[in-house]
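S.K.: With these hints in hand, go ahead and build the complete structure from the sequences.
Chains as they are written, first to last, in my numbering: chain S, 1 to 339; chain A, 1 to 339; chain Z, 1 to 339; chain D, 1 to 339.
If you are wondering where the hints come from, they were derived from the structure by calculation, not from laboratory data. Do not rely on the hints blindly, as some may be mistaken.
With a straight-line Cα cutoff of 27 angstroms, these simulated DSS-like cross-link-like pairs (lysine-lysine) come out [what the hints assert, rightly or not]:
#1 72/Z - 162/S
#2 275/Z - 25/D
#3 311/D - 329/Z
#4 311/D - 163/S
#5 329/A - 25/S
#6 25/A - 329/S
Far from chain Z by the CB rule (all over 12 angstroms, computed), these chain S residues [as the list claims (entries may be wrong)]:
#7 280
#8 300
#9 328
#10 334
All of these numbers come straight from a predicted model, not from anything done at the bench. Built from N, CA and C at the ideal position, the CB exists for glycine as well.
This is what each chain is made of:
There are 4 protein chains.
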Amino acid sequence: MLSSDYMEGAHPLIMQRLLETNLEKTSGYGFDPYSLEAKEKIREVCDCPDAEIQFLVGGTQTNATVISAVLKSYQGVIAPDTGHIALHEAGAIELGGHKVLTLPHEQGKITAPAVESLLNGFYADGNHDHMVMPGMVYLSQPTEYGSIYSKEELTAIHNVCKKYHIPLYIDGARLAYALASHENDVTLRDLARLCDVFYIGGTKCGALFGEAVVIPNPDLIPHFFTIIKQHGALLAKGRIAGIQFLTLFTDGLYLRIGQHALEMAAYLKTELHRKHIPFFYEPPTNQLFIILPDQTINALSGQVDFCFWEKYGDTHSVVRLATSWATEKEDINRLLSLL
Amino acid sequence: MLSSDYMEGAHPLIMQRLLETNLEKTSGYGFDPYSLEAKEKIREVCDCPDAEIQFLVGGTQTNATVISAVLKSYQGVIAPDTGHIALHEAGAIELGGHKVLTLPHEQGKITAPAVESLLNGFYADGNHDHMVMPGMVYLSQPTEYGSIYSKEELTAIHNVCKKYHIPLYIDGARLAYALASHENDVTLRDLARLCDVFYIGGTKCGALFGEAVVIPNPDLIPHFFTIIKQHGALLAKGRIAGIQFLTLFTDGLYLRIGQHALEMAAYLKTELHRKHIPFFYEPPTNQLFIILPDQTINALSGQVDFCFWEKYGDTHSVVRLATSWATEKEDINRLLSLL
Amino acid sequence: MLSSDYMEGAHPLIMQRLLETNLEKTSGYGFDPYSLEAKEKIREVCDCPDAEIQFLVGGTQTNATVISAVLKSYQGVIAPDTGHIALHEAGAIELGGHKVLTLPHEQGKITAPAVESLLNGFYADGNHDHMVMPGMVYLSQPTEYGSIYSKEELTAIHNVCKKYHIPLYIDGARLAYALASHENDVTLRDLARLCDVFYIGGTKCGALFGEAVVIPNPDLIPHFFTIIKQHGALLAKGRIAGIQFLTLFTDGLYLRIGQHALEMAAYLKTELHRKHIPFFYEPPTNQLFIILPDQTINALSGQVDFCFWEKYGDTHSVVRLATSWATEKEDINRLLSLL
Amino acid sequence: MLSSDYMEGAHPLIMQRLLETNLEKTSGYGFDPYSLEAKEKIREVCDCPDAEIQFLVGGTQTNATVISAVLKSYQGVIAPDTGHIALHEAGAIELGGHKVLTLPHEQGKITAPAVESLLNGFYADGNHDHMVMPGMVYLSQPTEYGSIYSKEELTAIHNVCKKYHIPLYIDGARLAYALASHENDVTLRDLARLCDVFYIGGTKCGALFGEAVVIPNPDLIPHFFTIIKQHGALLAKGRIAGIQFLTLFTDGLYLRIGQHALEMAAYLKTELHRKHIPFFYEPPTNQLFIILPDQTINALSGQVDFCFWEKYGDTHSVVRLATSWATEKEDINRLLSLL
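M.R.: Following this line, the structure appears as structure tokens:
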């Protein structure tokens, strides 16, 4: 029951707004007033008044659409080898024609020197005209391991990208949990300043679905609307996404959703430590990775739906736990009572 | 205000079910009990107990995913030149690598002899190894013009497809309005029997979004789940689509939605005739095509959001009107009062 | 034996140069001195000193590589419906992700007004953001029907392209036969001035294989070398193409090849008229289209390998005849003796 | 002058046959008698009478065409991380929509246990429906490092492929040099028995260009001809490839070409050892990898065109030397005199 952060519907305030507006008639495809207002709110909070904002449906779709819109045919995208695009998107990036150029991760992250070294090596190779040119950098904030990049780290990667004239793209599928982390010093304004394109995740942060793509300088992707349509990513009833993001960015709901999940994660962490459950990794966001005997996992199957992460020796496994806007102390206590 | 059938949110019963189930925790990606039950309901109403059912988000996405899953790389899809895939999907089919082989339409429809003639011509051509092989037939029920295929017409096209061993695919974006038409004699069971794959449209028939793909014989598309994922078309919170379709297929809601729209279309038609507004085409479903002076259209811009269809001579235009589950007589009267 | 212009090997002067240079050691991939010199010769004869020249292997490959290099993902290419890319490249353009937007041909040609009307119509359509944007114009000189564009016609199309800011691309698979035609007033210099990219055909004009792509302003396609490699179109022994084009562009061989073929075509035309064989179309280049009874065609099968073009009524067919650098009067006399 | 094995034209016997047949008129696209005879010869020497044989132009083109013809959209190809498709084809495989799933190489090779472990891991992962399914195995014989697989090693990989029902594809760009190696125990018959598809390289083994794809069971790739056309890989004058392969497979020329190159490589190796030039790797085929001071390399630039392989410490580099059918002792002596 803590296997992921997309096990419930949407935050009640979102459901309420969808209900209140349900019978209104509006234009389709994101030209309705709610979508327009939501975009304006996001521009404000990101402090980039000229940004193009588009609402897509899901993370893989957003990554595939943005990356193929940005890259030239002969370019690939640099990513950590644990990046969502590298591992868990069923080859969506390659289907779009592009190689994912992977770097070894450190708790889900890559570093500016590693990116620079890859770029350096590419241009130093006499054969580089026969190779895939690195054309952008992809990373996730927080990462798939729940770790976060500091402003210093992001700035360093940003600087490498600038030096090599390639855009930086940040996948914010779980961005609310990074923004709410005590360890975080990267604001939405920082992201808008340091990235060429990023998305603010809705699906895993309290919406029914939806990801808000932010392009601070819209010249990066001309005709993005048509590209979205061509990728089958354009919602006819665009307002359904617009209303959700308008609600998320009204009265700080997005941040509060992150904060609640992190409070629950802190409680869960404390209680797991109290029970001496060993940790594989304790990231500063809403995910925790613990080590359980396979025997326990099997014994509880049926009662608890664990998210298997990887094997840990022959008899144990790493299991991921995730909290969300909807996690209650009772959910956690119930899980703990079984361990 | 009658410019399309996707101007409102969802049918109130759908909103109610989404609200009632909102806080439940379920598995993602369509493995939740609501999605499973919805699939079972659709299998029953289609009388194809082995069918694979998958819920995707929108029409272009569904067409692009299904067509590229079915075709071999060297094949194209036969479609009417007014087919959605031929005209209004921004090249999504070509992005997937396939040519749309168009036939001239008759009020949005193609005929069995025309399909056979194209297939015949292809195999008769000594150069056909250098040409795009026709690999499937695409049509819409109802068509983009609101017309519908009779059981006899569909059977004839089905027979041509069988003869040439190519699958028949039906785009049912507005299927509710065909099913509810007085002129219709094609049931869901007939579709499941006559097609190799089709989809039951949700977005334009009362859902927030969602299209239910039905594959009567699942062997047609192995690994369809992964293909959906790869196309960015997999919903994390799959239940949001599942609950909608479960509601649509409980107590005949899908049919009732169609019926209400057609009753409103009948009323609209009667009143337009009473006002001597000339018709371009009067299809038997929820769309009507009238001819208005450009002057009128311009004069009302701001008050009425017309869906421009095509020019009609130098001074007039064809305008599409569409009714939906949400259309009220007052909406119609208000429009009529302006014309 | 007159069914096409690619039935023999290469012009003897080409074979001789390949033989003379066979044992020399040179760099690969087109960096050898022969390729460099050939490129320089072509730049001179086209009067565009900055042009990028690349040698590819065949016509379909060249069209697919150039078109996908030039177009954005959401763009299509305007072409006559009889264009090689529209009909006889097995969907190579669509495999690259792009729609071919066809215009009805007139003896293989399209006109500037027709192109402008298509572009106009696209931008006038309120839905054009949901449609494939026309991104370039493709035509062949001479066309697949052997007809040629006059300088006036090409200039008009060039002007429309400029007006709409889209490039003009000319497929010169049989360019030698246009250049040598008495009716022709379009030189290589004109092509380099009026097109954004074109290719000078080798395969059908006396080479073993090879097409020389000319990009007058190389900024049109950055990293074209890598794009060629990625399309599998880069020759390891690039000099084999280079030597052929160097020979073709030494002492006017390319033009002489065209002239010989046209002299043979003139002789063939005269003799066919003398025999009262009806013509379907008499183009001014190296192809002729005659009408023969199917009975005759069948009776001669085994002796003559006709190139079937299309049916002509129930009992006759159109047959294409083509002359080449290698056609001799005896070849023609032998064919005529059988008709 | 020993930087690669594609620095000269073609073996003199090939040039002679091209010359002798130059003026004959034959059908195009590989239906000429020479191509048909060449295919028959290859079927014989491979002992697979039903095999489909097709002649393509180059290696990258062949790999891209074959791999995309074999894989389903959601599948990737397993390859060593030094495989040509993984590194030096400019993303041609990804352009075709597929991920290259790399395994760490050992002197260019991968092992059956490593392949099995990757396949095992994939199916053991609970998330594998969200991942790229391994759909075939690619390897090179000899490898890019000049190493060769033994019959035992290939059989083991073949068995893993059979167990997991995925095809094995072997890139034989330099196959002549493997076949001629003293250490080799894998014949063409073995390849035809152990692989599902492989190609016999011409470009790097004495032809002007050309690779012969062998599909022992043609059902593996229906409509391969059209797929080749669609990839721009179909030669109009198909006989130019056919005549070359007919010559290569007449009187054992292909093997003799390999033998000569290996004799020259043996001589080169002996002389390098005599001069105490350190080796990075001494493979059993026509490539040698030596370590030279960067100073030497720079000093000789202009006189010798070295093929840089990789850095070796701060002051040295690995350089590849390659012999071919055309290498003479004088070439070697000249190089040695400079070192």
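S.K.: Are the hints correct? Go through all of them and say.
M.R.: Comparing the hints with the structure gives:
no. : hint          : in the structure
1   : 72/Z - 162/S  : holds, 24 angstroms
2   : 275/Z - 25/D  : holds, 25 angstroms
3   : 311/D - 329/Z : violated, 63 angstroms
4   : 311/D - 163/S : holds, 24 angstroms
5   : 329/A - 25/S  : holds, 15 angstroms
6   : 25/A - 329/S  : holds, 15 angstroms
7   : 280           : holds, 41 angstroms
8   : 300           : holds, 48 angstroms
9   : 328           : holds, 44 angstroms
10  : 334           : holds, 49 angstroms
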